[in-house]
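Chains G and A are the protein sequences, given in the same order.
Under our numbering, the first residue of the first sequence carries the number 1, and numbering increases by one thereafter.
Under our numbering, the first residue of the second sequence carries the number 574, and numbering increases by one thereafter.
FYI, nobody ran anything at the bench for these hints, they're computed from the structure.
Keep in mind that a hint or two might mislead.
Unchecked claim - Pairs of lysine-lysine, BS3-like flavour, derived with a Cα cap of 30 Å:
(1) A:K620 with A:K728
(2) A:K744 with A:K924
(3) A:K761 with G:K212
(4) A:K606 with G:K205
(5) A:K728 with G:K202
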Amino acid sequence: MIHGNFRRLSLSKNIILSLIFTFFATKSFGQAQQDDLLVIVESELNREMTEFKKLSQPPYFLAYRIYDSHSGYLSSSFGSLVGSDTDHSRILVTDVKVGDYSFDSSHPITNYEDFDGYDMPGGRAAVELPLDNKPEAIKLILWQQTQNSYRQSLNFFKALKNAPQTEEKPIADFSKEKSQVFIAPPLRDFSEIFDAAIWSEKVKKYSAPFSKHSDIIDAEAALEVSTERKYLITSEGARIVQNRTFAYLTIRGSIRAVDGDIIPLHQSYFALEPSQLPTDETVLLDVEKMIVKLNLLRTAPVAEPYTGPAILYSRAAGVFFHEIFGHRVEGHRLKDKNDGQTFKGKLQEQVLPKSLSVTFDPTLSTFNGQPLNGHYQFDDEGIVGQKVKVVENGILKTFLMSRTPIESFSNSNGHGRAQAGAEAVSRQSNLLIENTKSVPMSQMRKMLVNECKKQRKPYGYLFMDVVGGFTTTNRYMPNAFNIFPTEVYRVYTDGRPDELVRGVDLIGTPLAMFAAIQAADDKNEVFTGFCGAESGSVPVTAISPSLFVQRIETQKKPMTQIEKNILERPVIK
Amino acid sequence: MNRYFCHTLLLLLFLVNAIPSFAQGQTDDVILKAMQDELNRNMADLKLPNYDKPFFIMYGIQDQKDYTITATLGSLVRSTEKSFRFKTNTRVLVGDYSFNDESLEDNLTSAPTALEIALPLDDDYIGIRRSLWSSTDKVYRDAARHFQRHQQTLKETGKALADIPHRSFAKGSPIKVVSAHSPYSFDKSKWEQQLKKLSSLFLHHPSIQNSTVIMQFTEGYKYLVNSEGVVAKIPFRKTSFMSVGQLKNAEGEFAWDQVSHQTFLPDELPSEDQLKKEIEDMIVALEKQLSIPKFEDEYNGPVLLVGPVVADVFSSVLFSGPENILASNTIPRLTGFQYQAEPLMDTKIGKSVFHESLTIKAKPKLKSYNGTVLASTFEIDDEGIVPKDELTIVEKGVLKNLLNDRTITHPTQSANGFSGGPGVLEVTSTQKNSEKELKEKLITKAKSEGLDYALIIRNSPALMGIMNVYKVSINDGSEELVRNAVYDGMNFKTLKRILGASETYIAHNLNVADLQGTGQNGGMGSYIVPNALLIEDMQVNQVQLPILKEEEYVANPLLQGK
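Generate coordinates for the entire structure from the input sequences, incorporating the hints supplied.
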């Protein structure tokens, strides 16, 4: 089970976007200095490009992305350490482009029938690089990967050139951008950041309180710590070495409800390093609160399918915007003929209420003191991360851009992102929803009740917290979204206290939802996680006020039923 | 549906350097104590209303630490140190030994639930019990319900149990074996340096495009307790070393080769100088490989096997095909769709299956042979049965016994302690020939069959079973090495006609064929076999390997300027 999970599904490409929430921040940038790996890679890249020039069809672009990562993982169950792992790896991704910026080997396929299997590019397979900075081994692997990538790109480029061109207005395949040079200072040794012995005891301590409750049938505390030094060296002259560190602590508990259904709750914490995570007292207090909530959920009624008014608290609203809006302004989708292209042709049109603006800002490193997971200096194509106001006062202004141009947008705005091993495409960073017409929560509750009465509903829904969600944007499946709430209340029109319910998922389609947003407050909160899509898992955040929505739809969650154990769980006597 | 099996890393027990103690009474080992206490509690109290209690419970746990070092071209690619502790077996039986929840169907595995509680990595008494408690409950429920269904099925047939195909469970005896490792500290830094050095040998041979040197050292304990009084803590250690090289020539043809060793302890591997020499020899052979003529024929005739390939052939014949030396665990379905069952090996007991010169014995407790460590030795099997020191499988060509676990499906079967595979197999022959005599016999036989040449195989099959073989002139006995050959059609009949065997015997540790997909022997097997074996009729075919002809656009950085 994963925390904070957004996913986007596309039938044609088997795309699954998932969002899991973490905290991180980058190191402060230092002066350029000697980096042995950079020197080796730069030397081989220069040699390759010099040699390639002797060919009749040389590549016009060569890039190496290297992820040098240390990671640590610990997990506990009911107070026992059940997982412990550390790793150090170096992953290389090679990108060779043949042709020129206007038409190259990354050109989209318009008709698959024009190509046979041997022409198709084989993808950017990630390979491991040696951990020692010895030139021979590293250069040999770089050379092998370059040969393979060039061979694939050249074959595909030839096939593309021979295929009928059907585009009415040709759009360039790769944007021309200014090359950046930036070398971050070396990372601290991983052992200075992560003490596995100390943290083993802590994660054991965090999951131990669950063992006192016999109906809680699953409990886990897990810590993931990572330090990563990421290199980008291109034939255009980019020399970027960035650092990224994070510590991600998750607590999970599941209780068996009175009808046997299994109900999970999650809590997560993010920081740059483990030492910056909350104190034991804070975490243990949250664990106790989770236990209380689990016990309330045990006897809570199961919600029936519903359509009507609802309030989405800020974290739920953040996920809501990420799924229904964020994925639909990722620019490269407008070039994909299989995509639903919700916003194509809607530039300068009103797509959201006038009071709302939507910004993606990777330059923002913190919000209200919280480190933001979607912060970076340079994207994975070496472009400076830029603040992009996609919607201003409800009007669609632009899209998130990688180096893949689209109609009317020929350059990147620093949102080309990818996980190690994948090709960068336009992706979200820090999503911020700004609201100029703030309605206090107390007022929104009144609006909810009034709207329920108008719609003759005995109650509306209040979505307090969510664990993640997913959406589909392709043309072959309904362009729907699904959000997974964990804490949901019925708000009754007759003044009864709010009632906690369980077993409900929030569903819908994007355009209907945009039109249904009626009000927002000014209490922005951060939902931090990882988003998975065609370029892999990338760190993101969503910061949103709470929303009042005129009509939402829910469906029942799938039930997981496990019988109560015959014997009592063993405990210390 | 009444057991969990972990199908990975169930290693045979490596007992060399272990200090055994056959103690009485309760153990102070936390893991064993937790296993025993939880087992006792479940035996006493586990019962669903309206269902029977379990009559047998068994727990298996494996606790291990793996060190894996990978180097290429003088550089470290990975060096990891990982600890694992996992349940190898949670078996709960309801009914009795003769008729229980496993008796009338072949699907015996319970699917774990999504909420399975993992075993703690620490010696955490309550945590271990909690984990066993969670899986026992699930397995028992399945077992209890299946047994009730089996009772109904039996009733519906209107027959006595003895009159229908069924599976029974053999009774075991109590035993306590608690052993400890002798002290050993793996020097990771030393081995990292050594692997870097060995992998740097390929630096001088840039024609070998991919090369790697890998070493894995695993050590740990295997724990087993059951309700019959088995209490076992068995140490195991295993070291694997492999150096692999692969090249491709200008025509796009591939060649690859490897050096590999398996021992208990890293320090038992050949010396650094010896490994260096073996890798250098392998590099030389690999660089010559693609200039060797291809084998371009379909050969049926006498073949002389020399060296480790003899063990490979026995492994292939004894375990790979539908005919094998494992007792069957399957039973025909009582109703519904039925299919042709595998050959029932039990019916071949007492019949001649191999050449009369051959005798095959399982010697699971033998730890070494002529100085060679027998890596697959074990003293107690995965179901708590202690095998005899020696079990005759084949005597003078006649099948005498099959390797079996505790599941009995035929009157000839008994639980003989081989649920995890054979461990060590010794093959002896009454024929005693020098290699010179064997070669003469080979040529004589080939001539008598009107063949143009005969074949000698001196290399173990490499990747995909491909190997080099020697074509032997029937006129002057001269040998020509050819490549891309593969032997085919190996089965019991292959060993029915043996023309001769070497008088010298050698031990080999092999990664053997998976035992009917159970994977319970961790893919290992130790064989003591004649150093050479002359088989009267074997099929050797040519292999057409794919060619990948690719242009080299930029010179290899290691070759440039040379």
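Each hint tested on the structure:
A distance of roughly 23 Å separates the Cα atoms of K620 (chain A) and K728 (chain A); the hinted pair therefore holds under the 30 Å criterion. This hinted pair checks out: K744 (chain A) and K924 (chain A) have alpha carbons roughly 28 Å apart, not beyond 30 Å. For a cut-off of 30 Å, the pair hint linking K761 (chain A) to K212 (chain G) is broken: about 42 Å separates their Cα positions. Proposed proximity of K606 (chain A) and K205 (chain G) is supported: the alpha carbons are some 24 Å apart, at most 30 Å.
The suggested pairing of K728 (chain A) with K202 (chain G) is violated, with an alpha-carbon distance near 57 Å, which exceeds 30 Å.
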